[in-house]
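Student: Chain residues, written in single-letter form:
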Amino acid sequence: MNGWSRHARVLAICWRAAVAGEVEYRFNFFSNVALSAFWMVWAAAGASVYFRFTGAVAGWTQAEVLVVIGLFFTLNGLRQALLQPNLERMTDYVRLGTLDFLLTKPFDAQLLVSLRQVRVNNLLDPVLGLALTTVGVVLSGRGVSVVALAAFGLLLGCAVLLLYALTVLLMALAVVLVAAEELGRVSYAFVELSRFPVELYRNPVQAILTVVPVAFLTTYPAAALLGRLDPYLLLIAPAVAAGAVVLASLAWRRSLRSYAGASA
Amino acid sequence: MRDVLTAYPPLVRSATLVAATYRGRVALSLLTGFFPLLLMGVWLTVVAESGPPKGWTTGDFLSYYAAATLLWNLSGDHVVWQWDADMRSGDLSVRLLRPVHPFHQYATNDLGHRLVFLTVLVPALVLAALLVPGLDYPAGPVRLAAVAAALVLAYAVSLLMASTFALIGFWSTQTSNAWLLWWGLGSFASGWVAPLALMPDWLRSVAVVLPFRTAMGFPVELLMGRLDAREAAFGYAVGLGWLAAFAVLYRIIWRHGVRRYQAVAG
Chain Z
1417 MNGWSRHARV
1427 LAICWRAAVA
1437 GEVEYRFNFF
1447 SNVALSAFWM
1457 VWAAAGASVY
1467 FRFTGAVAGW
1477 TQAEVLVVIG
1487 LFFTLNGLRQ
1497 ALLQPNLERM
1507 TDYVRLGTLD
1517 FLLTKPFDAQ
1527 LLVSLRQVRV
1537 NNLLDPVLGL
1547 ALTTVGVVLS
1557 GRGVSVVALA
1567 AFGLLLGCAV
1577 LLLYALTVLL
1587 MALAVVLVAA
1597 EELGRVSYAF
1607 VELSRFPVEL
1617 YRNPVQAILT
1627 VVPVAFLTTY
1637 PAAALLGRLD
1647 PYLLLIAPAV
1657 AAGAVVLASL
1667 AWRRSLRSYA
1677 GASA
Chain F
2 MRDVLTAYPP
12 LVRSATLVAA
22 TYRGRVALSL
32 LTGFFPLLLM
42 GVWLTVVAES
52 GPPKGWTTGD
62 FLSYYAAATL
72 LWNLSGDHVV
82 WQWDADMRSG
92 DLSVRLLRPV
102 HPFHQYATND
112 LGHRLVFLTV
122 LVPALVLAAL
132 LVPGLDYPAG
142 PVRLAAVAAA
152 LVLAYAVSLL
162 MASTFALIGF
172 WSTQTSNAWL
182 LWWGLGSFAS
192 GWVAPLALMP
202 DWLRSVAVVL
212 PFRTAMGFPV
222 ELLMGRLDAR
232 EAAFGYAVGL
242 GWLAAFAVLY
252 RIIWRHGVRR
262 YQAVAG
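In order, the protein sequence lines correspond to chains Z and F. Positions 1417 to 1680 (the numbering used here) are the ones given, in order, by the first sequence. Positions 2 to 267 (the numbering used here) are the ones given, in order, by the second sequence.
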C-alpha cells in the first residue's frame, strides 16, 4: 500500500472517531448550524448599510461583496472545523507529553497532529458559505464560465493550503512557546481580515493585506469567479501557497528538534 | 450589602493582578479587538469615493470607531462565558459556598480585567486624539464627567444584561448560542454594526429605547458631542431604567433557577 492512501485511510479513521463522539449531541449540532446561518445573514445585513449610501465601494457592488462574505464563511468554517480543534490541543500535547506518544506513531507526525481532530459543529459552515457565494454570483447577474469556475477552484484550493500552512506554523510556535490558546487568535484574526474584499480598504492597509497575504483567501477566488482576475495570479497563488506549506513544514521540523519531551 | 461592598476592592484588586500577570494575553486580545476598525476602513473608502454619508466625514468616522473600539473592549458581557463554563463543569458549586453571591464574584473578576484594559486603552485613545488629524473630541470638564458616568452605566447595563442571560444555563445547555443570537440582533441597535445615525429611521427610533445603545452607542455619541442636553438626559434615563429592569429580572430568575441547579462536579 502506498503512503498516500495509507495516510488518507488513517486520517479517515481519526475523523470518524471524532465525528462519532460529537453527533451524540444532536440538538447542540443543529443549534450551532442555525447560529452559523444567523451569522451569515448578520454579515450580509451589516454590509448592506454601506450600500444605503453608494452603489459600489471600490468597484464592488453589494452582490459581489456577498460573494466574498460567502467565501469568508467557507474558509472560517474550515478553520473552525478542521484546524482550530487541532491547534487548541497543541498546548496540552506539549505540556502533558502527549506529543512524545504521537511522534512515535508510524505516521507522518505533522499530518497526524494537524489534522487528527474535527469539530462537527462547524462542518456545514462551508456549505452555507458556498450557498451565499452562489446567491451573490446570481444576484450580480454575471454568467460563470467553465474557465472562471476552474480558476476559482484552483484559487480556493490555494487559500485552504495557505490557511493550513499558517496553522502548522502556529503549531511549530506552540511547541516552542507552549501557549497555543493565544496563538489560535492569530489564525482567527488572519481569516477575519478577509471578511471584505481587500480593495474596500484604502492604502496602506490594502497593500499590507495583499502582502500578508489576506487577499489570497477570499478576494482573489471571488475575483476569479466574477471573471475579473489578473491572469498572472493563477501562477502566483499556487507558488505562494506551496511556498507557505514548505516553509511551515520546515518550521515544524525545526521546532521538533528543540523539543525535549515532557513525559516520564 | 455592606459586606458585599467591602468585598469588592480586594476581589477586584486580585483580578487586576491576575490580568496584569498574563500581559501577553491582554496584549493579544487587544490586538484581535480590531474588528470595529475594519468596519471603519470601509466607511473611509465610502467617504473618499462618494462623499460624506449624511455629513459624516473621515474625522467623524475616526472619532466614532476609536471610541467604539474602547467601548467594545470595556463591555461587561464576557461574564456569560464564565457562568456557562462553571455551570457545565460544576465549579459553580464552589462559588455557591462562598459568602459572596456568584454574581459579585464574576463581576469583580471581570471588573479587574477591564481596569487593566482601561489603563492601556484610555491613554491610547487620548494619544490618538492628539496625534491623528481629524480624530477629535470636543472635550470639556463637564462633558468628560458626563461621558465617565455614561461609561459606568454602559458597563453596568452590559454586565447585568449578560448575567441575567447567563441564568438560562439553569434550564438549558444552549446559553452561549442564545446569548450570541441576542447580541447579534442587538448589535444593529447598539451602534456596533454602524453608527445609529446612518441606520434607517425606523431602526434608530426603536434603538434609542433598547438597552443595547446604552452599552455602546450612547457614550460614544456623548463623547463626540452629538447629543444635546435633552437627548443626553433621555439616554441616561433609558439606561437607568434598563439597569433597574435587569436587576429585578436577575433576582427573580435567580431565585427560580438556583433551585434547579444540580451540581455536575465540584
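No lab work stands behind these hints, which were simulated from the structure alone. Hints should not be assumed to be uniformly reliable.
What the hints assert, rightly or not - Pair ranges (Cβ atoms, derived): (1) Z:1511 with F:90: 43 to 49 Å; (2) Z:1444 with F:95: 22 to 28 Å; (3) F:173 with Z:1436: 38 to 44 Å.
Stated by the list, open to error - Cβ-to-Cβ under 7 Å is the rule here; a few derived chain F residues that face chain Z: (4) 27; (5) 41; (6) 47; (7) 48; (8) 54; (9) 58; (10) 173; (11) 178.
Just so it is clear, the structure is predicted and the values come from calculations on it, not from any experiment. Note that CB positions come from ideal geometry on N, CA and C, so glycine has one too.
Student: If a hint holds in the structure, say so; if it doesn't, say that too.
Tutor: Status of each hint after checking the structure:
With their beta carbons about 19 Å apart, residue 1511 (chain Z) and residue 90 (chain F) fall outside the hinted range of 43 to 49 Å. For the pair residue 1444 (chain Z) and residue 95 (chain F), the supplied restraint of 22 to 28 Å holds, since their beta-carbon distance comes to about 26 Å. For residue 173 (chain F) and residue 1436 (chain Z), the Cβ-Cβ distance of about 25 Å falls outside the hinted range of 38 to 44 Å, so the restraint is violated. A least Cβ separation of about 10 Å between residue 27 (chain F) and chain Z goes past the 7 Å threshold, and the interface hint is therefore violated.
For residue 41 (chain F), the interface hint is violated, the least distance from its beta-carbon to any beta-carbon of chain Z being 10 Å, above 7 Å. About 6 Å separates the beta-carbon of residue 47 (chain F) from the nearest beta-carbon of chain Z, less than 7 Å, and the hint is met. Taking 7 Å as the C-beta contact cut-off toward chain Z, the hint placing residue 48 (chain F) at the interface is violated, the least distance being around 9 Å. Because the closest C-beta pair between residue 54 (chain F) and chain Z is about 4 Å apart, less than 7 Å, the hint holds.
Against a cut-off of 7 Å between C-beta atoms, the interface hint on residue 58 (chain F) is violated, since the closest Cβ of chain Z lies about 13 Å away. Given hint, residue 173 (chain F) at the interface with chain Z, is violated; its Cβ is 10 Å from that chain's nearest Cβ, farther than 7 Å. The restraint placing residue 178 (chain F) at the interface with chain Z holds, with a minimum CB-CB distance near 5 Å, inside the 7 Å limit.
Comparing the model with each numbered hint stated earlier shows that hints 1, 3, 4, 5, 7, 9 and 10 do not hold.
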